[in-house]
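**Q** Place chains B and C on chain A using the hints.
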Amino acid sequence: MGPAEAAAFGPQLVAILAQFEALTAVDVEGVEPMTTASAGENVLRADAPAPSLHVDLALANAPARVDDFYRVPKTVGGEE
Amino acid sequence: MSSPSTAPAAKGYVSPTTGAQWVAVIGLECHVQLSTRTKLFCGCEYHFGAAPNSITCPVCTAQPGVLPVLNREALALAVRVALALGANVPPKSKFDRKHYFYCDLPKGYQISQYDQPFCNGGGIVLASGRKIRLTRIHLEEDAGKAIHDRGDMTLVDLNRAGVPLIESVTEADVESAEEAHEYLTALKEILQFTGASDCDMEKGELRCDVNISMRKPGEPWRTKVEVKNLNSFRHVAAAIEHEMARQVEVYESGGAIRQETRLFDPDKGVTRAMRSKESAHDYRYFAEPDLPAFRIDASFQDRERGAIPELPAARRERYAKQFGLGPKDCAALTSQRVVADFFEAAARLSERPKDAANWILNEMNRMVGDAELGYAHFGEIALKPHDLTQVIGLVTAGTIQTAGGRTLLRAMARTGRSAKVLVVELALEQVQDAGAIEAWCRDALVGKEKIVADVKAGKPNALNALLGPVMKASGGKANAEIVRATLQRLIDALP
Amino acid sequence: MSGAPIEDAVALAGRAARGELSARQAAEAALERVDCLDRRLNVFLAVDREGALRRADELDARRASGHASGPLHGVPIALKANMCLEGVESNCASKILAGYRAPYTATFVQRLLDAGANPIGMTNMDEFAMGSSSENSAFGPTRNPWDETRTPGGSSSGSAVAVAAGIVPIALGSDTGGSVRQPAALCGIHGFKPTYGRISRYGLIAFGSSLDQVSPFARTVRDLELVTHVMSGTDVRDSTCLDEPQLNLEDGDVRGLRVGVPKEYFPDSLPRDVRAACDAALATLERLGAVLVPVSLPHSRHAIPTYYVVATAEASSNLARFDGVRYGTRSEGSGSLQSMYAATREAGFGPEVKRRILLGTYVLSAGYYDAWYGRALKVRALLRRDFETAFEDVDVVVGPTSPEAAFRLGEKSNDPVAMYLSDVLTVPVSLAGIPAISVPCGFVTVDGKRLPVGLQIAGPSRADARVLRVARAFEAATDFARELPPIHAGGVA
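Protein chains in written order, with this note's numbering: chain A, 1 to 80; chain B, 1 to 495; chain C, 1 to 493.
Same shape as in the complex, but just chain A (with noise of 0.2 Å):
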């Protein structure tokens, strides 16, 4: 981010989350987390296969390509 940007969104977020502030405000005591808006249940579907997407197709967005790979900068191996 730009320091001009960062600048700006300080304060900005400041001011937003001072909007946030009234919610701690309110009595949740015993409330169940509304997790999803979703009425279902146990959605589950048959371990049937579908067609896979050819490796073309699969590439075709890709910005960078190399055989049927999709190329990044060289990183060290692990998560993160």
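It is possible that part of the hints are untrue.
Claimed, not checked - Below 20 Å or equal to it, Euclidean Cα-Cα: the simulated EDC-like pairs (lysine to aspartate or glutamate) are:
hint, chain 1, residue 1, chain 2, residue 2
1, B, Lys-145, A, Asp-67
2, C, Lys-263, C, Glu-392
3, B, Lys-98, C, Asp-370
4, B, Lys-92, A, Glu-41
5, B, Lys-145, B, Asp-200
6, C, Lys-449, C, Glu-411
7, B, Lys-268, B, Glu-226
8, B, Lys-228, B, Asp-173
9, B, Lys-92, A, Glu-32
10, B, Lys-472, B, Asp-443
11, B, Lys-145, A, Asp-56
12, C, Lys-378, A, Asp-27
13, B, Lys-94, A, Glu-32
14, B, Lys-456, B, Asp-492
15, A, Lys-74, C, Glu-332
16, C, Lys-378, A, Glu-29
17, A, Lys-74, B, Asp-152
18, B, Lys-98, B, Glu-140
19, B, Lys-94, C, Asp-370
20, B, Lys-92, B, Asp-297
21, C, Lys-378, B, Asp-115
22, C, Lys-378, A, Glu-21
23, B, Lys-145, B, Glu-205
24, B, Lys-92, B, Glu-167
25, B, Lys-224, B, Asp-209
26, B, Lys-228, B, Asp-209
27, B, Lys-131, B, Asp-173
28, B, Lys-94, B, Asp-115
29, B, Lys-145, A, Asp-68
30, C, Lys-378, A, Glu-32
31, C, Lys-263, C, Asp-393
32, A, Lys-74, B, Asp-149
33, B, Lys-94, A, Glu-41
34, B, Lys-321, B, Asp-355
35, B, Lys-228, B, Glu-171
36, C, Lys-378, C, Glu-388
Since the hints were derived computationally from the structure, they do not count as laboratory data.
**A** Frame of chain A; chains B and C shown alone:
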């Protein structure tokens, strides 16, 4: 260095330099690929070794706008494993998003389970009676593969992204490399026997990480180190042995152990700190809004419990009791479900369990890895229990010799043709014709007065010297028992 | 251009099915109307001229060879640029997705295609649906046909104008916190957000997963009912879909209907002219036989912070996939993977998107989860309970859709909080997941310009047909939806 395998687990590790007593505190974390046909959240049909990026779809490549849908079979297998391990399956469970950025993680988050995994508890009891407890097992999707050895870039293959995994985490109950090996072997057996996974580590179907710290007996736990990149049970054991020694050495020379992740180098047998910066990662878990919670009710559990076959430990006991087999054979026969199932069928059909065990553990096992036959696993051997039963029958009846039986079995596997046809074609039948045998025996006795005298004098094994010439004369086909009996009879008849 | 309305979808499909109009003619006419107004109002990000004409020809060929025509046969429609149609560019009005062509088609789009509808292009929006004015689009704002110095609302800005300015009879938007209802109100047309899960989200580029719904715009309620019916129904690709078949519509009027009027939706701060228009609308409902019942939704004032905590958290997660690896634009950065991510997202996302990602990341972070996100989920449950309690006594709940008429472009763009507050009347409905429609209910005059006002009618979960029925009754008794803006393409073709 004292090897933990010679010291009983409870005694722990003795420092080779100071002689001080240490105890290893080890937890094992295993990721297992479930053997479903399709991925966890989409219908891509995964198999190992496919051409790169040929088994992907909008869902597992995380195109904008896609949604996950849970694979029922993955849930079923996971529950089956949990029940086989004596775990508790709570009524309600959900998925969560686990966020981090890496090129093999298309969504920028992994769909996993955080605070409501589908099971908790359970464990495995080792031969020593010690129980290695499981903390939990949860379901999650696998990431793709990043390839770093193609020059100045990294390449990404997403075939594996979305494959269903179960992650099992033990409590820090393991105390030695040997215990780790035993636990993993037992875990693998259960996973295979329940049909949940083939656990082929070369295909990455079972991956293991170790968390290990060392402490003095009676003292609290110290800092633990994580060791990754363990591609076989041997490596796990070797890595543990190395770490135990390394950590103790650090402590005894006044140093401190940092919490870090280390990689195992199988060529050198040592662990090495990872080069990347290790900072505490905030995964920002929250409930996956695209997947409703799921309830695993009693009937679902009952169905999966019913699908659990007799497990290896129980089978070993039964083989010992029912068939009188020794512990080594029992262990070998139950090392893979396909072997155990084959054995039981062959034992039942042939009514000769010890023979069946013998043939399976020797001749058939030799077929695996055999250059000519080319079988990679026992399960690939092109023989049915009925086939083995026939061979056993022919040998028992004396129709063919044991050596002939081996030849026959191989030929049946290689050609797929019946025993009856091959016995004739390969001329394996033993000669049992009394007349022919008597003729050969008489010939062999000519000029062998000394041996005859030895036999008459009761010298043990004296008869053996005569077998060779008879067998040679018969082209190796004479029934050895009849030859012996005939020789003995002829010798007895001599003055 | 003239003040003549264009043909609505039901009528057009009927004529096309009878052979009185070819799909090609309908497509060409719509494309001409695009040419007429698009540059001036900045409605479309991508016009799929070739695809539209090809589809039209296919539709005509199918009809000629004796196949039955679907209920939307030949109807030109517009899609919001966050919807996937294979091969067409859907960039969510963001630089980070510039040039992205989906390798698949959304379920709801496929159902429309199967019914004979003909998408002619992707409309402008606030970037990733984050905004209420289209000023967050990376490709310039869309202008309100009632006054082109003003915003049409957002985030489904282009789709609202596509209908309001008479380019197409039906356009799809997505509604997360009001992004279809508010622009409908500001543009004088109908905009309907169904019950969460009524329409599959597979192929709708996600912003707030537990809030997003595909939501149509149309000038007539009958068109809304038709298009909702066609798109609705369970989908194996969306686990959050209602387990119900296609939506069945309701006949009937509003006699005896109990209409809840929440005092929280008519605060003293509500501008008098907006209040007057809504009061008149309520009087109309009474005249039609409805009974007005005062109700209270006590947690309403917590809706905005609850919404922004939940929506930004989900958005920060949903946008994590835009990393330049598999699609979209990429900035290589200084050579490491992490710097590529940073450079790509820095260059690709606009300021509002960045703001929301930062907020969302913050409210989910360890140590803050319970105080923010965890808490917001509980307040959300309380907000839903407010509605459930009210619906024990009333059949629908009404109020102004927006606290103000269309504001000027640039008026709020430097004040995100002010922009967020324009959602205050729509977000409670989104959080509860219940169905709601905005119906044109009057006009106000601002700076000499006549600007539309909308009334929001909300119903209990799954009572989509009831909400549409009420809207239909109101429409039959009033003329507001028939009044056309000064900038309108109706005279073309």
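**Q** Next, verify each hint and record whether it holds.
**A** Structure-based check of each hint:
no.: 1; hint: B:Lys-145 <-> A:Asp-67; in the structure: holds (15 Å)
no.: 2; hint: C:Lys-263 <-> C:Glu-392; in the structure: holds (17 Å)
no.: 3; hint: B:Lys-98 <-> C:Asp-370; in the structure: holds (17 Å)
no.: 4; hint: B:Lys-92 <-> A:Glu-41; in the structure: holds (10 Å)
no.: 5; hint: B:Lys-145 <-> B:Asp-200; in the structure: holds (17 Å)
no.: 6; hint: C:Lys-449 <-> C:Glu-411; in the structure: holds (17 Å)
no.: 7; hint: B:Lys-268 <-> B:Glu-226; in the structure: holds (18 Å)
no.: 8; hint: B:Lys-228 <-> B:Asp-173; in the structure: holds (19 Å)
no.: 9; hint: B:Lys-92 <-> A:Glu-32; in the structure: holds (14 Å)
no.: 10; hint: B:Lys-472 <-> B:Asp-443; in the structure: holds (12 Å)
no.: 11; hint: B:Lys-145 <-> A:Asp-56; in the structure: holds (18 Å)
no.: 12; hint: C:Lys-378 <-> A:Asp-27; in the structure: holds (9 Å)
no.: 13; hint: B:Lys-94 <-> A:Glu-32; in the structure: holds (15 Å)
no.: 14; hint: B:Lys-456 <-> B:Asp-492; in the structure: holds (7 Å)
no.: 15; hint: A:Lys-74 <-> C:Glu-332; in the structure: holds (11 Å)
no.: 16; hint: C:Lys-378 <-> A:Glu-29; in the structure: holds (9 Å)
no.: 17; hint: A:Lys-74 <-> B:Asp-152; in the structure: holds (6 Å)
no.: 18; hint: B:Lys-98 <-> B:Glu-140; in the structure: holds (10 Å)
no.: 19; hint: B:Lys-94 <-> C:Asp-370; in the structure: holds (18 Å)
no.: 20; hint: B:Lys-92 <-> B:Asp-297; in the structure: holds (9 Å)
no.: 21; hint: C:Lys-378 <-> B:Asp-115; in the structure: holds (18 Å)
no.: 22; hint: C:Lys-378 <-> A:Glu-21; in the structure: holds (15 Å)
no.: 23; hint: B:Lys-145 <-> B:Glu-205; in the structure: holds (14 Å)
no.: 24; hint: B:Lys-92 <-> B:Glu-167; in the structure: holds (18 Å)
no.: 25; hint: B:Lys-224 <-> B:Asp-209; in the structure: holds (13 Å)
no.: 26; hint: B:Lys-228 <-> B:Asp-209; in the structure: holds (5 Å)
no.: 27; hint: B:Lys-131 <-> B:Asp-173; in the structure: holds (8 Å)
no.: 28; hint: B:Lys-94 <-> B:Asp-115; in the structure: holds (8 Å)
no.: 29; hint: B:Lys-145 <-> A:Asp-68; in the structure: holds (13 Å)
no.: 30; hint: C:Lys-378 <-> A:Glu-32; in the structure: holds (6 Å)
no.: 31; hint: C:Lys-263 <-> C:Asp-393; in the structure: holds (15 Å)
no.: 32; hint: A:Lys-74 <-> B:Asp-149; in the structure: holds (9 Å)
no.: 33; hint: B:Lys-94 <-> A:Glu-41; in the structure: holds (10 Å)
no.: 34; hint: B:Lys-321 <-> B:Asp-355; in the structure: holds (16 Å)
no.: 35; hint: B:Lys-228 <-> B:Glu-171; in the structure: holds (17 Å)
no.: 36; hint: C:Lys-378 <-> C:Glu-388; in the structure: holds (15 Å)
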